[in-house]
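A.B. asks: So the protein sequences, as listed, match chains A, B, C and D. Each residue of the first sequence is one higher than the last, beginning at 4 in this note's numbering. Each residue of the second sequence is one higher than the last, beginning at 4 in this note's numbering. Each residue of the third sequence is one higher than the last, beginning at 4 in this note's numbering. Each residue of the fourth sequence is one higher than the last, beginning at 4 in this note's numbering.
Worth flagging that the hints you see were computed from the coordinates, not collected in a lab. Check each hint, because a few of them may be wrong.
Copies of the same chain are indistinguishable here, so a pair counts whether it falls within one copy or spans any two.
What the hints assert, rightly or not - Simulated crosslink set (BS3-like; lysine-lysine; CA at most 27 Å straight-line):
no. : residue 1 : residue 2
1   : Lys145    : Lys202
2   : Lys202    : Lys158
3   : Lys5      : Lys158
4   : Lys158    : Lys208
5   : Lys158    : Lys145
6   : Lys74     : Lys158
If you want the building blocks of each chain, they are given just below.
There are 4 protein chains.
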Amino acid sequence: MKIDRFQAFSDGIFAILITILVLEFHIPTYREGHLLTALLAQWPLFLSYAFSYFYVGTLWLFHHDYFSMLKRIDRNVNILNLLMLFSITLLDYPMSLVADALTTRNRADMQTAFIVYDLVALFISATFYFMYLYLHRHQELKNPAVTADFYAVIKFDPVRSVSIYGLAIVGTFWSIWLGAILLAGGIIFHFLAYLRMSKQLALAKGSAA
Amino acid sequence: MKIDRFQAFSDGIFAILITILVLEFHIPTYREGHLLTALLAQWPLFLSYAFSYFYVGTLWLFHHDYFSMLKRIDRNVNILNLLMLFSITLLDYPMSLVADALTTRNRADMQTAFIVYDLVALFISATFYFMYLYLHRHQELKNPAVTADFYAVIKFDPVRSVSIYGLAIVGTFWSIWLGAILLAGGIIFHFLAYLRMSKQLALAKGSAA
Amino acid sequence: MKIDRFQAFSDGIFAILITILVLEFHIPTYREGHLLTALLAQWPLFLSYAFSYFYVGTLWLFHHDYFSMLKRIDRNVNILNLLMLFSITLLDYPMSLVADALTTRNRADMQTAFIVYDLVALFISATFYFMYLYLHRHQELKNPAVTADFYAVIKFDPVRSVSIYGLAIVGTFWSIWLGAILLAGGIIFHFLAYLRMSKQLALAKGSAA
Amino acid sequence: MKIDRFQAFSDGIFAILITILVLEFHIPTYREGHLLTALLAQWPLFLSYAFSYFYVGTLWLFHHDYFSMLKRIDRNVNILNLLMLFSITLLDYPMSLVADALTTRNRADMQTAFIVYDLVALFISATFYFMYLYLHRHQELKNPAVTADFYAVIKFDPVRSVSIYGLAIVGTFWSIWLGAILLAGGIIFHFLAYLRMSKQLALAKGSAA
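Extracted from the complex, chain A is given alone in its bound form (with noise of 0.2 Å):
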């Protein structure tokens, strides 16, 4: 199978996904003429949609650059692709029940919100998880200038990812504002780990090179 196809249809969830959750933002009542104290009360509906937009935004980068090293994918290949994707276009949900808690500043409902966040995150995380198993037992499938050094360098991520997601689960219990730094720390997290997996990556295709 050649990889052209799937990339394409990945890319075409990721950017329908990016796109779609500002489909999120809906006009609030308001009173006439107080348009902008509305609007301003919005402020936790923009804050889950920017990091949400910058959290998927992030897997797609690491989809763009991870599967790059591939040289061509199998059925099984497609098949936790499609996994991965259906746990990233669940986010959608989460990012709308945290602005509307936010918006309620219901402590339960908060905690609700958050842990839902969470546990999608977490599941998004998994099945980056079994992807790299996957990938690791099928040498066969990647370039051979990407060797064990890279895996060895990347292999735990979704393992850390998993850790702070749980610890996000835990703390919301403890303390909401612990619980969402965990998660935006989560979220950078995978940024940072993409930066460097990034920069691993066009070490190794260098020196094959």
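Position chains B, C and D relative to chain A; hints supplied.
C.D. replies: Just chains B, C and D now, with coordinates in the frame of chain A:
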């Protein structure tokens, strides 16, 4: 006609449909502090969504592998494909209907929702049947490595699917849960049929290489 | 400018539009146990959806075949194409309007909805007219195998379409059903015109080979 | 990194955004028999939609031509591009706000809506500024035919745009209609700047050939 643009257009529709399914998740109205209870009551939506995602994903895998055996397409393939994609995009609506009916638990409404889903699934399988038939009669469009043996293996799949969904419609009148199991069975059958077709196709291509 | 990215962008818009039409299906409010009755009352939506899908699908087939005769595009083709796609994306709204008006059965509202649909269809055909004209005057963009004979066959199609929709507007004032038949006739005419253009194009390419 | 997947992903986002703008059209509540009056009262939505479509279309043309001068991209271009696309997807919301505020005709709300639109437009132009700057400092990414002359012509465009939108914000406090004209002027300026850039690029490529 070249096959690239045909595949890209089809992939686009699959990618969009599979992503916008998530737009059916709406925050339920809930008493402050009871978001968790409200979310748990949404299990039918999650179930219906997960099954429909799995279904559309399987249909994409089918489409992806099946059309990879063509050398080129003609106008009729393009038109039949639009009909196939029409039937598939319809799935978004019965997905919501099933989720909604499972939430109210009204027997008559659940019957209606399942039967609408069955009818759309039956329609999808029927379009596959016509596509298989057309391509069987136009061997000049196919990669010569893919022989009559391959067709012999897959040709009854759409007939089997249509039968399962037909049975599901009848079964739903008798018992909702029998109907639900047959519907789920039909979707799982597609996945198994995909795995078999995919193996067969790899064999056919391999023996020609 | 290469034609690939132009086609991919256009295909993307067609694929998205044809898929999001389904988002206009909303679960009607219904008395528990009467979902079936409520769904059957949605026949105008299904009809309007099926026609609009068929219409957008036909426009895609046109776009697909017609632009396959170009060697390259220039900036003006890109801009005219954006205008054409603008007119086509508008279709989503009159589709809903027609469905809604057919549900209430109010004569004045049905007239309004049909005329809005006619106006959008007329606008679409007008953009095709300008595209045909522009490309006729810039033969250097075309595949040399596609000669003036081809243009002679197709050049009046947009004029014919504009006339049909103009007639449909006038007819709607006289009788709703006459207006509906003319509108449906216009859409079916596009499909027949597509079939003819497609055959003519195959001839032109064949005679050059 | 190859530029194809980068362009396809960006094109996907542009195509989706420009198409989903139409989802903001909703059937207004109207007294039976008065659909026409209700639709005519939606002129602000149509106007805001048409302008936003034209704006996003122009941004796509820019993106399309501008990045055609690159030989390859690096990670930072990918990240800057995600930021640029983030700013562009935001447009969907102020489009609705402007349409809504123009419908109620409340002065304060119209000011708010226009200023939100201006801020998003200013943000978009700022991301273009950073992209221009980054690529100016990384000539190794560019097609060598595109020289410093080209950059000299275009480098102040984002600064000009930012100034126009800054003026529009100030102007809106003074007079709604002045603000509206400046906003519309900014969007038209983009189109003219695009035409100039596109000609300049054709010259640069031509002189190298």
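A.B. asks: For every hint, state whether the structure bears it out.
C.D. replies: Status of the hints after comparison with the structure:
For the homomeric pair Lys145 and Lys202, the shortest alpha-carbon distances inside one copy (18 Å) and between copies (21 Å) are both at most 27 Å. Taking the shortest Cα distances, Lys202 and Lys158 sit within 27 Å of each other inside one copy (15 Å), while across copies they are farther apart (30 Å). In this assembly of identical chains, the alpha carbons of Lys5 and Lys158 lie at most 27 Å apart whether taken from the same copy (25 Å) or from different copies (25 Å). For a Cα distance limit of 27 Å, the shortest separation of Lys158 from Lys208 inside one copy, 18 Å, qualifies, whereas the shortest one across copies, 34 Å, does not.
In this assembly of identical chains, Lys158 and Lys145 lie within 27 Å of each other by CA distance solely inside one copy; the values are 15 Å within and 35 Å between copies. In the homo-oligomer, the alpha carbons of Lys74 and Lys158 lie at most 27 Å apart inside one protomer (20 Å), although the nearest pairing across protomers, at 32 Å, exceeds that limit.
Figure legend: structure checked against the earlier numbered hints; every hint is met.
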